[in-house]
Structure formats: structure tokens, C-alpha cells
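Student: On the provided structure of chain A, position chain B as indicated by the hints.
Number of protein chains: 2
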Amino acid sequence: MTGFKMIEKRNDNNKQYTVGVVETAFHSFAEPGYELRLESGDNLGPITQAYETYGRLNSDKSNAILVCHALSGDAHAAGVHEGQNNIGWWDDMIGPGKAFDTERYFVVCSNVIGGCKGSTGPSSINPMIGRPYAMDFPFVTISDMVNAQKHLIDFLGIERLLSVTGGSMGGMQVLQWVASYPEMVRSAIPIATTKKHSPQQIAFNEVARQAIMADPDWRDGGYYEHGQPNKGLAVARMIGHITFMSDQSME
Amino acid sequence: MTGFKMIEKRNDNNKQYTVGVVETAFHSFAEPGYELRLESGDNLGPITQAYETYGRLNSDKSNAILVCHALSGDAHAAGVHEGQNNIGWWDDMIGPGKAFDTERYFVVCSNVIGGCKGSTGPSSINPMIGRPYAMDFPFVTISDMVNAQKHLIDFLGIERLLSVTGGSMGGMQVLQWVASYPEMVRSAIPIATTKKHSPQQIAFNEVARQAIMADPDWRDGGYYEHGQPNKGLAVARMIGHITFMSDQSME
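Protein chains in written order, with the working numbering: chain A, 1 to 251; chain B, 1 to 251.
Don't read these hints as lab results, they were simulated from the structure. The model shown is predicted, which means the values in this text are computed figures rather than measured ones. All residues carry an ideal CB built from backbone N, CA and C; glycine is no exception. No false leads were slipped in.
On the chain A side, residues computed to face chain B include the following (Cβ under 7 Å):
1. Gln-200
2. Ile-239
3. Ile-242
4. Asp-247
Isolated chain A, as found in the complex:
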């Protein structure tokens, strides 16, 4: 993914300002007969979305902010999980007194479909065959991710989001939210993102994919019982990392 690495550094002097212990919740929809129609024309269902919330939704439901994660992110944006030390990826930004002040705002972050971190994706069991979807998982677009998120926002009873924000692939979702559901978005904060990829970005992403697929542990996508194609992923990540930086910034 071109462009964006969320800040993971924690300011240990401000521990008292974190949202504390949080839990990941799950919302399921798109049951048989009500599958999600994807941009490709394929249907996907049933769908589970992992999500977390921080702060409280106010009485007129006007203080909800949706946070969209980047390619390798997940629903765990702030706080820690019980008994663990896994601080959320945007903890510096979300919490009491922080930019997304949980004393004032109700912050929602959901794992995108296809993301494989709690939401339905290629690693999920395909109910038709009882095994992971793997390469049978349909192509999902940014628009599909946003359409799935809308089900969650509807489920939470929110008619209009105070803001939608996120960086890189998260920022793409922000732009898509505005395009798909303008009446549901009061403000948008897209960060380090793009409305479309340039040919060079497409090329970098294609090389990253080819690096993964060149790893024999890729096994044509059927690696779930055997372990990840870690060497290919490492090369892909190196390629991605270069695109996060300018030549000047590497000096």
C-alpha cells in the first residue's frame, strides 16, 4: 500500500489519557438471501465485521466518528485488550483529551471485509465448502468495504457520522464514504491517500503481489494449513516501505 504508516508510538507519560481496556465486538449480517452485492457482481455472505468503539454515543447520536484503518490495520485502534499490552494503532489520537476526544466523541473502528483480522475474509471458513475461502474469496473493492461498514453504522443506530477519518487505504474509504453516502457524512478527514492509484503505484503493488506469489509457501493461495509465505511477504513489505518514503527522506 502506498503512503501511510499510522503512528504506533505511545507516550508513556500520558497513560492516564488512554481509553483503557477495550473489547473487540462482532456484527454479523448478509445472511442467506440477504448477501452483500459486491461491485464485481458477486455476492458475499454471511459477513462478520469486527469493530471496537470508544467513548459514548450521545442522545441525539450526533457525535460518532468512524475511523478507517490502512491496509495492514484492524479494528483495534485505541486502548488495550484485557491482559495484553497491545496498544491500538491510533492510540495517540483517540482518547480523553486527545484529537479524537472520547470525552466528547463516540469513535468507531471496524476491520474491513477481506482484512482477515476478525472480519470475513479469505481466511474465513467458506460455508459452502467448510474450508477457508482462500482464492475463492471474491475481489472486494474500497466501495465494498464501505458498503459493509454502512451496515455496521446502521446497526449502531447512527444516521449521520460527525466525521469519517483514516489514512492510506483508510483514507480511500473516507473518500468513498463521501462519494457513496454523502448525506451520512458531516465531515471527512482523508489522510495521505488518493482517489485512484497512479500507474507507478499499480506497478509497485503488482510487484509486491508477485513477490508473495513467487514464494512456494504461497501454494497458489492455499497456504492456510501450512503457514504464511513469509519470505514473499517480507519482500513485499520492503517494496511497500520504499514507497512510504521520498528519496530525500531516506538521506
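Tutor: Then chain B, alone, in the frame of chain A:
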């Protein structure tokens, strides 16, 4: 290698202008006791260099032009080999009536040491062990390549080159020739090259190496009896190709 792909297209309307059938010659030096001292401090020898020449050296030996090839190039810069259709990589530029006019100039192109296309390199038999050097081949620098080429130029009886030219890694050799042997170079034509790599270029090259080394067929460099790490090489070439082009040129 960042930056340069020599033109391989042949103008079939101009067949009569090619240098015709050529042969690769070989020059050996650095026999035991006279090894080439490398920049690293290691010694390398004996050394064979593959080279080709086009045109004729004039009586006062003042018309010699050294052509230096890019990373994946070799000594075969112009014409074809007997019974083959393998046109040299810079045939468009070298020949009667062409930019490097073989009616006027004596053109020399040698395969760099380490290049493994006729010159001593990792695929050559290490005389100490009777097997390919592979990872035991010493690191060679642009300066080492030029020092080896100088032996060939001396052997050909040329005291001063009318010009030294080449692109990409060939251009680096051009710059090094001027730096190492200024009195031997009357003019220099470095093309699409650099005196040093930027951090971004170093990063791209490192990812290319990592892509090759991630291929199990790399076998820690000991692949000579088994076949090349082709998948890793393919990914590395894709990475390189992106660096040959600007974002604009890919539109």
C-alpha cells in the same frame, strides 16, 4: 540496476550498415603471482575477459573507443555471431555510418569481471576447489571492473582511448575510467548514470537482492548445478523495471 535499458531494436532497412558477423575473443591475465588486487583487498586470478572489437585500430592507435555495458549486458555490442541471429545490444549505434562509425573508429566492448558472460565471475570454476566460485567470488566494484578492463586495453596496445562510453552501470565505468586513468581517456560519454547511488536506489537494489535470496532455488548462492532462482529474478527485474521509468512515463 537503476536507470538504463540499451536499445535492442534493429532497423531491418539498414542491414547493410551492420558490422556483420563478429566473434567474441578472450584475454587472460592475473596468473598466479600476478593476481588482480581488488578494492576490497582480496586478490582475484587468473582472470579471463570476454571482448569484441569492431572496425580497425589505426596506425597511431588514436581511434579506439571503449564501450562499457550495463548490469545485464555483455561483450556482444554489435553484429551477429556466426550462424546465430543474436544482434549485439548496441548495434543501432555501432557500425559503418552509425554514431560509433566503424569506418573511422576501433570499437572495443568487454564483459565486466563478475558479469558471468564469458568473463571470470561467480559461475567460473574456482581453481582452488574445482567448482564454481558462487558465494566465494570476491566482491567486485566498478573500480575493479575498470582496472581489469585496463589490462585488456594495455594488451591491445592502446595508450589512450579516444572515448569511453556506456549507460547505467556502463556509465559508472565511464566515470571511473576518468577518475582512475584520466591520462588514458581523451573524452567520456557517460549516459543515464550516476557517480553514486542515492539511499532510495540502494533500497531498491537491496529489495531486488532480497527477492532473489527469498527464492528457494537461490540455495544460498549454490544453485549452479540446479538451475537459476528464476522466480526471484523475475521479481527483481520487475522492481528494476519500475525504477527505469518515471510515474509520468507510465501514464
